[in-house]
Structure formats: structure tokens, C-alpha cells
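Undergrad: Chains Y and D, in that order, give the protein sequences.
No gaps in the numbering here: position 81 of the first sequence is 81 in my numbering, and each next residue is one more.
No gaps in the numbering here: position 358 of the second sequence is 358 in my numbering, and each next residue is one more.
Keep in mind that the hints were calculated from the coordinates and are not lab data.
Any given hint might turn out to be false.
Which copy is meant is left open, because identical chains are indistinguishable; a pair holds if it fits in one copy or across any two.
[As the list claims (entries may be wrong)] With a Cα cut of at most 30 Å, we get these calculated DSBU-like pairs of lysine-lysine:
| # | residue 1 | residue 2 |
| --- | --- | --- |
| 1 | 248 | 19 |
| 2 | 130 | 346 |
| 3 | 135 | 242 |
| 4 | 329 | 19 |
There are 2 protein chains.
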Amino acid sequence: MQEYGQNWEDIESALQQAKSKDISYEKVLSSMCTYPHPVAVEAHRIFIESNMGDYGLFMGTYELEKSVLTMLGDLLHNSHPYGYLTTGGTESNIQAVRAMRNACTSIKDPNIIVSGSAHFSFDKIADILKINVRKARILPDLVVDTEDVLSLIDKNTVGLVGIAGSTEFGQVDPISELSKIAIDNDLPLHIDAAFGGFLLPFLPNHVPFDFSLPGVTSIAIDPHKMGLSTIPSGALLFREEKMMELLKVDTPYLTISSQCTLTGTRSGASVASTYAVMKHLGKEGYQQVVNKCMKLTNLLLDETKNIGVKPVIDPVMNIVALSVEEPKKIRTELATQFGWQVSVTKQPSSIRLVVMPHMTEENILAFVRDLKTVIQQLQSSEINMQE
Amino acid sequence: MQEYGQNWEDIESALQQAKSKDISYEKVLSSMCTYPHPVAVEAHRIFIESNMGDYGLFMGTYELEKSVLTMLGDLLHNSHPYGYLTTGGTESNIQAVRAMRNACTSIKDPNIIVSGSAHFSFDKIADILKINVRKARILPDLVVDTEDVLSLIDKNTVGLVGIAGSTEFGQVDPISELSKIAIDNDLPLHIDAAFGGFLLPFLPNHVPFDFSLPGVTSIAIDPHKMGLSTIPSGALLFREEKMMELLKVDTPYLTISSQCTLTGTRSGASVASTYAVMKHLGKEGYQQVVNKCMKLTNLLLDETKNIGVKPVIDPVMNIVALSVEEPKKIRTELATQFGWQVSVTKQPSSIRLVVMPHMTEENILAFVRDLKTVIQQLQSSEINMQE
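Chain Y with its partners taken away, still in its complex shape:
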């Protein structure tokens, strides 16, 4: 740290230089984040100093948070949800599992059963919360095998987790069946809809995944993904207050007497941002966002089929996994030659593309052209010789 401060011009120039090394989302097909909506950015700025960790000082922002929870509840078929705005899916999932664990303090060696397609945050959760995370088998269509879920339940099981929009393949577990299993076994059921929560409700004939199913006790949904809010904006919703109360810790020297959140200081800017973009778009606006992403997803599917590349499964959401030889090599070549950012999946092996709202028809077509080039290069001896 320097002795003396720099002027803003020098700092701005350093920031812009850094910014130029960040990749613009236009060429990013690997991320579940995107540009926040301008309305979200503006609301974020207005509430930049608001701290929801001590919301007694910020009752206005707190009212906005209650509005957001009501709107999210409406989206997820719950007219009176309990919950709060988190930093994102990982915190929401940690807290939901922590509530499950805390509901059964008599169990010394607790476990939860999660879909084998669960996000890696469940490995974090296992470590953080000291809980056994049992991963249930995945069927060929990449949804959880509910028979296996049932067989994994034992006397130490404290809850179930289903995925509504898996990170790798965008697949949705049979939540209706999980809901029945949860009820039959008197277990809470958490749904990780961090990505799918702002998308599935806007798909025609989507399978039920939310509080409309009686066994679902909590849901993670991320406004900073398909909700177009600013980072960090996650949300955790509980059906019953008593589940949320299991997270309570006393808070001396604040204007409030207890906290159910994971963090202490908490962004009020994110609350305002989420409020603003949800009010601004309304259901119709999100419908248009989803329509656009799904239209481009279908274009991507058609175009890749035209060059002889097939998807691992028929996509449910705006996530496409393409079956290719040597996906890691393809990823590297796409990045180094053309600047495209894609990711790879492990099982089954594929390249994975998330078609976010920042994508355009032009870029989808350009991407498929470049993908074709890379595949042809790899098939020719020229590149093989270099290996």
C-alpha cells in the first residue's frame, strides 16, 4: 500500500486496463451469470450504503426485501414464504441444509440425499456443515433415480435435495416424485432452483418443481442469474417459519435482536436491485427473456446438428451439452483461436453451453462456424501431429 494516494484519473486508467482483460459476456457460453439489467444497476447504486445486516437502520430497504420475497413467492406458488436474500445459491443451499441438520440435533451422524447432478456446492456443504452428502444415481436422461433416493434413506437421513435445473445439463429432477418420498418419509425437501427458478416458470408445460408440490419445504433461487439482478443476489425461501428459525443467532448491539442469515453485513443494494428489475420486467418481461434464450438455444441445436454434432440430451432449459470427441481440446482451441468460452462436463463427457440473455443470433451462428472449424482441424492430421 502506497504512502500517498493516487488521483482518480490514474486509478480509472488502471481499472480500465484491468477491465480490458476481463472477457466480455458476448463471447461467454460457459457462465450462468450475465449483464445485470440497467434498472438493476441503477437501483443498486442508489442503495449502495444500505446494510441489511442491521435492517433496523434500513427499514425502507427491508420493506423492499419483503416485496421481493412476496414476488418470489408468487413466482414459486407460495403466498407467504419465509426467507431472505442471500449472496447466491451456495449460501442458500448451505442454509437450507443447515436448517435440516439443526431440526434433528439428536442424530449424531446426519446425512442428506442429493441428486447425483447436484452442484459442487454440496461438496462444500458436506465439509462446512459436517454432514454426509449421499449422491443418488442418475438415470440415462440425467435426472435422479428416485428408487435410488428411496434406497439411500436411513434413520440418519435429515433431508432430501432435488435439482430444478442442473448446472451441467440443465436437467430437472422428478420433483413431484421426490415430494411424495419426502412426505412419506417425513423429511424436508430442498429444491436447488438457483438457475432454473427464473426460467422454468416461463417454459410451456414445465414439470412442477416449486411450492405447488406439498413436500417441497425450501427453494434456492438466484436473482443474479436468470433474474438479471446484480451480484450478489440469491434468495432462500422456506415454506414454514420454524425451518428458518433453526438458523437464528442472537445479535447484541444491533437494532435487531437476532439474525437468520449466514453473513453479518449484507448488501441492501442487491435487495433494491432485485426489487427494481422484478418490478420492471414483470412476468411478461421475464417471459420475453426466456423466449429469447430458448429461441437461441433451438437455433444452436439446429445449427450444431447441421454440422453433425448432437446434444447429450434434448435440452430442457437454455443449457446445451454437445457430444464431441476430445471436449477439452475443443474448449482450448475455441478459446485460443476464437475467444469463445465454453465449459466441459465429465459424465457424460461433452462441451457445455449456456445460452444467456447476452447471446445473439449472430454470435450463435459465428460460434457454430468456429466450432465446425475446430472440429475439422482436430480431425485433420495437422493438429494431431502437433500433439
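Please build the complex by placing chain D on the supplied structure of chain Y, with the hints as guidance.
TA: Coordinates of chain D only, in the frame set by chain Y:
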């Protein structure tokens, strides 16, 4: 959630109405947060879409984070710290304790010894990490009794925690002695300097509390408190990489292969914000901020002594705890009659005031005037009759 979206004018008006219910920091003497520096706000805006949870896409922001860690290391006497920017003190403390716990997996029933003045986040940590948090006795001057720390160590102890700037009284534990105890007992020592980290280095003749002490293995320091950055900006620094590695989880489908952070998606805006304000202020700038806060703290002390109110201890930092009869009543009256926000402490009972950079001489004088009025009212029978 409405069917159709609202226009920005209506949303802005709702936001401004909410904002009018938030309390302006000018009358807040209870918070460790304040207005972020304008330079921080501007940098935050420029990087609003940056996600450090997948920093392979944001290598420019990642470089800014490395710069911030270097600057923080320089402030805390470590030329090569390991760590990352967190959401705040609670996450930093969770992660530091998690690393301690994970370093000793063979211990079935681990415990840590924390100062009895530790922040309530350590109660959260006990619950989240399933670790026993043993609170060591506090001496009359409100620092930890190191004899008691020593006596609490047993074969299941995995680490120690010292407080450099307690939330309630702004007191600093004898970290030098804790450092010796840590070395003698081969235990890691985490320092919670979430509040004190940006203040103590700028106090004349402050006691050593940072990596200059050989036993200190990690430090929590919050740029969003006295660092004048935006929320959420915390930081966790480790002396050794191997401690940080204990937090590692594999991350498929990202541009990076593992994460040591608690959250997944992570604000790059906060990184840029912290970078900008630290570069802009430099050591000299923070010195001025601290000088101002300490000058106002001394003014507050002098003025309260003039009206016959004494502090619980001579303040070390910009936190003043005033010995008064019925602190809760005084808090309520100050808020309802005059709009002042103060908090109360439990043991010893007092009203607690944090003199943040948003405070002014004028407001300190106005506050003491109003405090005098409230105390006189309570002493008179008029208010006593109403009870």
C-alpha cells in the same frame, strides 16, 4: 409478481420512498458501516457484472484482487499473504475456523478458544461448523485473560482466536501473548480485525496485532467498515498457503478447477471498489480518516464527561461505551425524540457509540446535548411516572 412490468419512473419513485425510510448515517452512532467513498462507488459500478466465482473469465478483476491482497498484506506486515476477498467478517471468521478444524480431521470433537469479547458470529460458527467455541474470561479492562485461554486448551483444541477491536468496546486483546501461547502449543491463531484492521495501524503506539507477530496465522479485515469500500467487502488473509488449501473444493464446469471461497458467485465489483479506494487514499488518506474519527471520539469523551457521564473504559479506538443508568431506555428516548441510533452493551451495561467517518463535530455536540436532555428527563419524575 405483476403480470406486466412497471416503467422506471414509477419504480424510482417507490425506491426513493423506501430510501426515505432508511436512516441516514449522519444520525447513526451504532453502526460499523458508513458511506463508501465515492471512488469506491464508481469503481463498483464499472465492474458491476464481474463474477470472481469464475475468475478465469475475469482475469483483469482477478489481478485487482491480487493487488488488494498485496496492499492488505503490506498494511498487516505480510509481504506475501494468501487469501481472498470475502463478503465480510463473518465469512472470513467461518473460513479461518474451518481451516483450523480441517487441519485436524483426526480430532472428533474439536474446539477453539476465543476471546470472551468475540463477535456474535462465533456463535454462528459454532453452529455451522459443529465446533465447540470456548469463550475465555474477560478481564476488567475488557481484554481476554490469557491465563484463562491457556487453561482452556486441551487435546481437542484446534486453534485460538484473538480480537483486534472488539465490536462492543473496541478493545484489543493482548495478541502478543496469544501469539506466544499459539506457538508454544503449536496452534493456529486467527485475529478478528474486521473492524480494527483499517484503524489500528494508524493509531500512534498501537499494540502489535498482525502478521508481525509470528504466531498469527490468519486475519480477518473488512474493507467495507473503516476501509470505506462498498458492501460486501471483507478479506481473509492467511500466512501460509497450506491453511488456505484446507478450504479447497473441486469446481467442474468453471474456468478454474477449484475454489477456496465460501460463496460460489462472488462480487468483482467489490474487488474493484476496494482496489480503488485503497489506491486513492493510500496510507496518508486512511491516516486522515482515522485522525478525524479519533479527534471526534475525544470530543465525545470530553463533552460527555462535562455532563457527568463516564466511559466504561478509556477507548482504544473510535468506540465509546458510556456508563449510564437504564441504557435501554436512553437508547429508546434518543431514537424516538431525536432520531439518534445508538446501541447498548450487556456486560458491563452501557450505551455504545461508534464514531465513524460520517460523523461531524456539529453532530457530536448535538448528540451530547440530546443525551443530556434524555438523562435529565429520566431523572425527573415526569418520565418515571409514565412507566
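Undergrad: Taking the hints in turn, state whether each one holds.
TA: The hints, checked one at a time:
no., hint, in the structure
1, 248 - 19, "between (40 Å within a copy, 27 Å between copies)"
2, 130 - 346, "within (26 Å within a copy, 32 Å between copies)"
3, 135 - 242, "both (27 Å within a copy, 29 Å between copies)"
4, 329 - 19, "within (27 Å within a copy, 51 Å between copies)"
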